[in-house]
Amino acid sequence: LTTTAPNPLAEGLHEYRTASPAVMVIFGGTGDLSSRKLLPALYNLAKQRLLPPGFALLGAAMDQIPADEFRKRITTSVHENSRTQPVDDAVLESFLSNVDYLPIDFGKPEGFQRLKQRIEELDRESGAGGNAVYYCATPPATYASIAEGLAGAGLARKEGSQGLRRIVVEKPFGTDLKSATDLNAVLQRTFGEDAIFRIDHYLGKETVQNILAFRFANAIFEPIWNSHYVDSVQITVAEELGIEHRAAYYDKAGALRDIMQNHALQLLTLVAMEPPVAFDAVAVRDEKVKVLRSVRPFRGEEVARDTVRGQYVEGWVLGEKVGGYREEPGVAADSQTETYASLRLRVDNWRWAHTPFYLRTGKRLPKRVTEIRVQFKRPPHLTFGREATRDLEPNAITLRIQPEEGISLRFGAKVPTAGIRIRSVNMDFLYMSSFLLDAPDAYERLIMDALLGDPTLFTRADEVETAWRLIDPIEASWRDGKPPLQTYAAGTWGPEAADKLIEGEDREWHRP
Amino acid sequence: MASSVILRGLAPERVRTLEWQSEDTTMAEIVTELSRLSAKLAHGEAGDDQHPHPRNCVMNIVALVDGHHIARHVGTILADLSTHHPSRSIILHQHSPDLEQKIAASIRCDAHALVHGEPVQHEQVTLHVQGAALEHIRSLVEPLLTPDVRTHLWWTGTPPLSDPAMHQALELCDTLVVDSAAFERPFDSLLALAKLADELSVEMGICDLHWARVRTWREVLAQFFEPPSRRPFLHGINGVGIDYAGEGRGNRVAAGLLAGWLCSTLGWRLKSAAAGKGGVVAAYLEAPAGHPVEIAFRSVPATGQAEGEVLSLRLEAAANRQTAALSVELDPEHEGTAILTYGIGEDRPVKQRLPIAASEEADLLIQLLVQGRRDPVFLRSLLAAADLLRSAK
Numbered sequence: 055l056t057t058t059a060p061n062p063l064a065e066g067l068h069e070y071r072t073a074s075p076a077v078m079v080i081f082g083g084t085g086d087l088s089s090r091k092l093l094p095a096l097y098n099l100a101k102q103r104l105l106p107p108g109f110a111l112l113g114a115a116m117d118q119i120p121a122d123e124f125r126k127r128i129t130t131s132v133h134e135n136s137r138t139q140p141v142d143d144a145v146l147e148s149f150l151s152n153v154d155y156l157p158i159d160f161g162k163p164e165g166f167q168r169l170k171q172r173i174e175e176l177d178r179e180s181g182a183g184g185n186a187v188y189y190c191a192t193p194p195a196t197y198a199s200i201a202e203g204l205a206g207a208g209l210a211r212k213e214g215s216q217g218l219r220r221i222v223v224e225k226p227f228g229t230d231l232k233s234a235t236d237l238n239a240v241l242q243r244t245f246g247e248d249a250i251f252r253i254d255h256y257l258g259k260e261t262v263q264n265i266l267a268f269r270f271a272n273a274i275f276e277p278i279w280n281s282h283y284v285d286s287v288q289i290t291v292a293e294e295l296g297i298e299h300r301a302a303y304y305d306k307a308g309a310l311r312d313i314m315q316n317h318a319l320q321l322l323t324l325v326a327m328e329p330p331v332a333f334d335a336v337a338v339r340d341e342k343v344k345v346l347r348s349v350r351p352f353r354g355e356e357v358a359r360d361t362v363r364g365q366y367v368e369g370w371v372l373g374e375k376v377g378g379y380r381e382e383p384g385v386a387a388d389s390q391t392e393t394y395a396s397l398r399l400r401v402d403n404w405r406w407a408h409t410p411f412y413l414r415t416g417k418r419l420p421k422r423v424t425e426i427r428v429q430f431k432r433p434p435h436l437t438f439g440r441e442a443t444r445d446l447e448p449n450a451i452t453l454r455i456q457p458e459e460g461i462s463l464r465f466g467a468k469v470p471t472a473g474i475r476i477r478s479v480n481m482d483f484l485y486m487s488s489f490l491l492d493a494p495d496a497y498e499r500l501i502m503d504a505l506l507g508d509p510t511l512f513t514r515a516d517e518v519e520t521a522w523r524l525i526d527p528i529e530a531s532w533r534d535g536k537p538p539l540q541t542y543a544a545g546t547w548g549p550e551a552a553d554k555l556i557e558g559e560d561r562e563w564h565r566p
Numbered sequence: 053m054a055s056s057v058i059l060r061g062l063a064p065e066r067v068r069t070l071e072w073q074s075e076d077t078t079m080a081e082i083v084t085e086l087s088r089l090s091a092k093l094a095h096g097e098a099g100d101d102q103h104p105h106p107r108n109c110v111m112n113i114v115a116l117v118d119g120h121h122i123a124r125h126v127g128t129i130l131a132d133l134s135t136h137h138p139s140r141s142i143i144l145h146q147h148s149p150d151l152e153q154k155i156a157a158s159i160r161c162d163a164h165a166l167v168h169g170e171p172v173q174h175e176q177v178t179l180h181v182q183g184a185a186l187e188h189i190r191s192l193v194e195p196l197l198t199p200d201v202r203t204h205l206w207w208t209g210t211p212p213l214s215d216p217a218m219h220q221a222l223e224l225c226d227t228l229v230v231d232s233a234a235f236e237r238p239f240d241s242l243l244a245l246a247k248l249a250d251e252l253s254v255e256m257g258i259c260d261l262h263w264a265r266v267r268t269w270r271e272v273l274a275q276f277f278e279p280p281s282r283r284p285f286l287h288g289i290n291g292v293g294i295d296y297a298g299e300g301r302g303n304r305v306a307a308g309l310l311a312g313w314l315c316s317t318l319g320w321r322l323k324s325a326a327a328g329k330g331g332v333v334a335a336y337l338e339a340p341a342g343h344p345v346e347i348a349f350r351s352v353p354a355t356g357q358a359e360g361e362v363l364s365l366r367l368e369a370a371a372n373r374q375t376a377a378l379s380v381e382l383d384p385e386h387e388g389t390a391i392l393t394y395g396i397g398e399d400r401p402v403k404q405r406l407p408i409a410a411s412e413e414a415d416l417l418i419q420l421l422v423q424g425r426r427d428p429v430f431l432r433s434l435l436a437a438a439d440l441l442r443s444a445k
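Sequences listed follow chains A and B, in order.
Under this note's numbering, think of the first position of the first sequence as 55, with each following residue one higher.
Under this note's numbering, think of the first position of the second sequence as 53, with each following residue one higher.
Hint data in this document are derived by calculation from the structure and do not stem from the laboratory.
Careful: at least some of the hints might be erroneous.
No farther apart than 25 Å at their CA atoms in a straight line, the calculated lysine-lysine pairs in the BS3-like style are these [claimed, not checked]:
1) B/Lys92 with A/Lys468
2) A/Lys126 with A/Lys225
3) A/Lys170 with B/Lys403
4) B/Lys323 with B/Lys247
5) A/Lys306 with A/Lys232
6) A/Lys344 with A/Lys225
7) B/Lys403 with B/Lys323
8) A/Lys126 with B/Lys403
9) A/Lys421 with A/Lys306
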């Protein structure tokens, strides 16, 4: 990255961030992710005037279609999926005037030579200054061959007076430690770590970033954010949906790889990390990695004791009867893939010693909800007596990530009667009630960050590998049937064994 | 006098409204009624065993207006604003101070249930005041303010910038909002605004809706000069041309602010300036590197554009033995877009269309209010614009 003095003209333009002009190539430009997320996000960036003059978009995919057809598909996807409606035709038209398309076979070197030629033409036409950003909206198995293809055509590393080169890849980053390490090695060899942007779109969510704002922009919470006051932390990532035509992927991945290894552990790092010295890529990611390194690795029988895996069977979700996992199209009748996982983790550092972290994720749970619940210890002495505080639960702060982003504080209050009776009440804060502004979509934020070259909200290689180091022993033990796969009825909060996991320590799962 | 506010952006079926009005009332009664309506609305959705919904007001906004039409317009804008920022708004319609003392008022409280069911409240108090109380604006407004949140004072039209009543009103707010596009005598008011800005304490902010309107132009220039390879040209600018809508001198404030922004940001020192016929202003400056810079702006008749609106901007620069030229022009054939054309050295000129849609007043207010109290870039641009226009007089 080139270090240069700040642009004096940008001063005072709040929320203004501008990237250098670039040709952005989306591999898989005609695919589902592009259509649902990336292209609408780019349109909305254009609408907010955040795309720099000189920006050009090149769709690259296997489909043999002309550029006009690609532009038509963009128009359709923006109309169907843009978060801002109605679509501004003037913005869309000006955006499309800088869009082109190239059919390409990712497996053939000549395809990348044609790509090089087309990028150079677009660069001249748009004044992109030789800068290129490549977005892999393709199956993870293609990342390495795309990176190698780009490198083979001289399109990867910045050399001499060439412009910047960056590559963006989507999670999952590998399927275990070895595959993740192999992928990192290819990407680092071809692009270099500074130019790799690994997207876990959870980190682009406004409310996930708000965890850091809540913790580190306020003085009143951090002093009690430790094992002296915190009894336990629960992280829930629940979905009411099943696998939705993703059997081919999901049956190999399971809940542990699909959600726990990335989203759930990311939330853990944000809630448990030490204050970074600055909100920048190095400081924030260093602290996140430290948390992952502090998590006590599972050994031997610990997996059977501290983890639960489950698979949903027939049940009722949102008032509708749904089939079991093994009845989903494309899933083997004897599939052992878990659709539910819960873990009890210990974070062995000064702040969190003796505070357990309970993580759970699953499909076909009662509702879609993601939240972090920090439960505090009870007061050391019951001033009002046991009877008066019979209904009083421990204090808790709940950070709600989705669907209703907000923060809830539970505390005790006197019931307005003649006697003394203390009951738990909630003080709720909803982001939507105080900030009625449309939050940008996670992809808008992350695409913009990739164009700007700001990797703070992207996952670093060591972060990915450290997470896999925690997950691999669990996977290995689960393959050996330890603990055995449990079942749970669709529409419930998981198998009974998950309740026992937490009840054994005189706690219970919070009902989100 | 019932409020005719239509809440744009709110789903009418989810808005619950309580209203009160009186043709002859007292401030004490208004405060009581506001409190009653607010509490009643808060309890409205809550069940017997629930708490009333918490206050989610994030600011007070006080608008001073002097005409029925303006009052209605401002009422609508503030209601729009509340769909983004839950707020209490107070519209003070100033009638003649020479008439007998009288206060008429209306209150409208809306609770809008958001999609997830939680209500957001907006309270709007409209006061019609005549008589001596108008010389004590603070006593009219302060009892109605929600505590512990910022208060923004929006003075529509031409604020009496040197009037004691104005200074008294400033004491109760954190930010003064004006619109220099609406100044009756733009030149004189701009100078007065610059003087006020120079005198105010650092805690007090001044915002100008017209400054928010030129933001798009600032963004385009900032984006153009973002790549490090173009940065030398930024410090090598030697010519600036700005066209604005109007005839004769018209309203030069936006053009002046844009020029003032460039001068103050790039450290150009004003040497001299002259005004010619047809609103032409030419200013001669010196860049920190010692080379001369010429700024010219002129009015151009333009249908469909508000008077004073910037129509185009041209820059010429030289650096590293190369020249660069940039122009941004509103595209009259494609509303909401501009054509950016630039050429650097021997490279083929590049032409691109950019979205550059005009913002409505509610959006401009949001832009200004989310920035915070004080915008030092605006203040220094305002002072530089005042210097430049004063020299050209």
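Quick one, are lysine 170 of chain A and lysine 403 of chain B close enough, alpha carbons at most 25 Å? 23 Å, holds
With the threshold set at 25 Å, check whether the alpha-carbon distance from lysine 126 of chain A to lysine 403 of chain B stays at or below it. 23 Å, holds
Would you mind confirming whether the straight-line C-alpha gap from lysine 344 of chain A to lysine 225 of chain A stays at or under 25 Å? It holds: about 21 Å lies between the C-alpha atoms, which stays within 25 Å.
CA of lysine 306 of chain A to CA of lysine 232 of chain A, is that 25 Å or under? 16 Å, holds
Starting from lysine 403 of chain B, check that the Cα of lysine 323 of chain B is at most 25 Å away, please. Status violated; Cα separation ~34 Å.
Run the distance test for lysine 126 of chain A versus lysine 225 of chain A: straight-line Cα separation, threshold 25 Å. 28 Å, violated
Can the restraint linking lysine 323 of chain B and lysine 247 of chain B be considered satisfied, given a maximum Cα separation of 25 Å? Holds, at roughly 21 Å.
Pair hint outcome, lysine 421 of chain A versus lysine 306 of chain A [Cα-Cα no greater than 25 Å]: Roughly 24 Å between the alpha carbons, so the hint for lysine 421 of chain A and lysine 306 of chain A holds.
Verify the proposed pairing of lysine 92 of chain B with lysine 468 of chain A, using a straight-line Cα cut of 25 Å. 23 Å, holds
When the structure is compared with the earlier hints, violations turn up for hints 2, 7 and for no others.
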